[in-house]
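Could you build all of it, start to finish, from the sequences and the hints given here?
Number of protein chains: 2
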Amino acid sequence: MANIIAASTSTVFGSGHLEYLHEELKPFFKEADEIIFIPFARPSGISYDDYTEKVSQSFSKIGKRVKGLHTFENPKQALMNAEGIFTGGGNTFVLLDQLYKLNLINDLKQSILNGTPYLGTSAGSNICGLTIGTSNDMPIVYPPSFKAMGLFSFNINPHYLDPISGNTHMGETRETRISEFHKFNPQPVIGLREGSWIEVDGEDINLRGNLQARLFKQGQRAVEIESNSDLSSIK
Amino acid sequence: MANIIAASTSTVFGSGHLEYLHEELKPFFKEADEIIFIPFARPSGISYDDYTEKVSQSFSKIGKRVKGLHTFENPKQALMNAEGIFTGGGNTFVLLDQLYKLNLINDLKQSILNGTPYLGTSAGSNICGLTIGTSNDMPIVYPPSFKAMGLFSFNINPHYLDPISGNTHMGETRETRISEFHKFNPQPVIGLREGSWIEVDGEDINLRGNLQARLFKQGQRAVEIESNSDLSSIK
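Those sequence lines, one after another, are chains C and P. Each step along the first sequence adds one to the number in this note's numbering, with nothing skipped, and position 78 is 78. Each step along the second sequence adds one to the number in this note's numbering, with nothing skipped, and position 41 is 41.
Please keep in mind that the hints were generated in silico from the structure rather than gathered at the bench. Just so you know, not all the hints are guaranteed correct.
Intra- or inter-copy, both count: the list cannot distinguish identical chains.
Claimed, not checked - Restricting the straight-line Cα-Cα distance to at most 27 Å, the calculated cross-link-like pairs of lysine-lysine (DSSO-like) are:
1) K183 <-> K235
2) K54 <-> K183
3) K235 <-> K26
4) K101 <-> K183
5) K217 <-> K26
6) K64 <-> K217
7) K67 <-> K183
8) K217 <-> K61
9) K101 <-> K147
10) K235 <-> K109
11) K54 <-> K235
12) K147 <-> K183
13) K30 <-> K183
14) K54 <-> K64
15) K30 <-> K64
Okay, here's the thing in structure tokens:
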């Protein structure tokens with residue numbers, strides 16, 4: 001019964017925060033007046049209050065109020081009673097660590113499985129996968145586990161980047177990194193380019209946005225998947 | 001009494017493996033006929049044997065034999081008796097995890113502190129810092145800790161990359177990532193560009209190579225440091 005939008009990024013180049021998703025978010029959050037915002041990923045180390053204020057301004061454009069999860073006396077109850085939930089991007093390790101520290105990861109998952117519409121961007125999408133093992137982020141804190149919510153039977157690699165031709169930098173390409181991941185982990189990985197998202201509507205899981213995504217499976221060549229493809233059989 | 005070369009990368013663009021370091025490595029390893037190679041970081045998931053063979057070819061050009069640490073019945077003793085040690089790049093999480101699993105991290109550190117010349121490149125340099133919290137790698141395995149050898153009073157960010165002007169990708173720049181690191185961690189970080197290395201000779205710690213490095217300190221603006229600068233007071 002889940003309703004999820006797991007997006008590669010909050011912001012595409014040349015557009016405001018969440019702006020490219022506004023038309024999607026109106027019907028997605030139609031039953032919600034207030035969105036509970038999880039600010040734990042703290043991009044650039046922004047404070048929870050400042051991050052919530054930023055997101056609040058963005059959601060006001062589609063007529064929604066926003067309340068930071070950190071302001072609730074009982075955050076477990078807040079998640080369970082939420083009309084809609086948004087987890088913003090930032091650092092995936094910091095986000096997951098805080099969810100574990102506050103013992104909220106199962107409540108968040110349960111609320112989503114109960115049908116609460118959930119929007120994640122970047123780090124907030126990463127935690128929908130089986131693990132955060134395909135995050136691009138710097139490991140600036142040590143979470144008690146890399147296990148994430150497992151709402152999908154695969155991992156997500158947000159901000160997926162194609163190799164840049166003519167690049168002289170010797171660091172690994174994203175594709176090489178994901179191929180290394182598959183030496184140690186069996187689950188498929190979906191490389192979501194900026195502007196793409198995964199939409200879950202009940203049992204249906206589809207790729208949305210105008211772009212292709214890149215699907216990596218252990219022991220197989222990576223393939224491109226078209227927008228609007230059915231992802232429900234990927235495991 | 002340590003002798004360390006901790007390099008940003010094994011390979012600079014347009015040159016063979018370790019080639020740009022050959023003239024440094026001859027005097028550095030002058031007492032060593034055989035180098036013990038730690039292949040655990042497995043770039044692109046290469047096997048220990050294949051990685052050791054590659055490194056062996058590279059060291060043969062300066063007249064050294066190479067033996068993989070994985071081939072010793074008693075790897076602790078091998079580290080303690082080594083004439084020289086090289087840890088190659090790949091995935092830092094995989095490298096550190098394996099060092100912990102085999103309970104070798106303290107032996108490696110002790111051997112280095114006893115004066116065994118140690119060369120690290122990329123992941124092999126990362127583990128010389130206080131933690132691997134400024135690695136660029138994908139967290140494809142979960143090590144029991146991010147704590148590294150602490151041979152320096154700072155962290156290293158290898159393959160340091162300056163922001164690319166005109167880039168439309170919305171992922172964080174390296175500088176932003178390191179600034180997020182400093183929201184949670186106090187130690188300085190040295191961003192080592194490809195072609196730079198840190199040389200430890202007894203009590204002396206210096207930046208080597210032709211390039212500047214970038215020094216990040218908590219709560220301060222990042223600064224450029226010149227080649228041949230003394231790094232021993234950075235903590």
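Hint check results:
| no. | hint | verdict |
| --- | --- | --- |
| 1 | K183 <-> K235 | within (17 Å within a copy, 37 Å between copies) |
| 2 | K54 <-> K183 | between (40 Å within a copy, 20 Å between copies) |
| 3 | K235 <-> K26 | neither (30 Å within a copy, 51 Å between copies) |
| 4 | K101 <-> K183 | between (30 Å within a copy, 18 Å between copies) |
| 5 | K217 <-> K26 | neither (34 Å within a copy, 43 Å between copies) |
| 6 | K64 <-> K217 | neither (39 Å within a copy, 40 Å between copies) |
| 7 | K67 <-> K183 | between (41 Å within a copy, 24 Å between copies) |
| 8 | K217 <-> K61 | neither (39 Å within a copy, 39 Å between copies) |
| 9 | K101 <-> K147 | both (14 Å within a copy, 20 Å between copies) |
| 10 | K235 <-> K109 | within (19 Å within a copy, 42 Å between copies) |
| 11 | K54 <-> K235 | neither (36 Å within a copy, 35 Å between copies) |
| 12 | K147 <-> K183 | both (18 Å within a copy, 24 Å between copies) |
| 13 | K30 <-> K183 | neither (43 Å within a copy, 37 Å between copies) |
| 14 | K54 <-> K64 | within (13 Å within a copy, 58 Å between copies) |
| 15 | K30 <-> K64 | within (9 Å within a copy, 69 Å between copies) |
The structure does not agree with the numbered hints 3, 5, 6, 8, 11, 13 stated previously, though it agrees with the rest.
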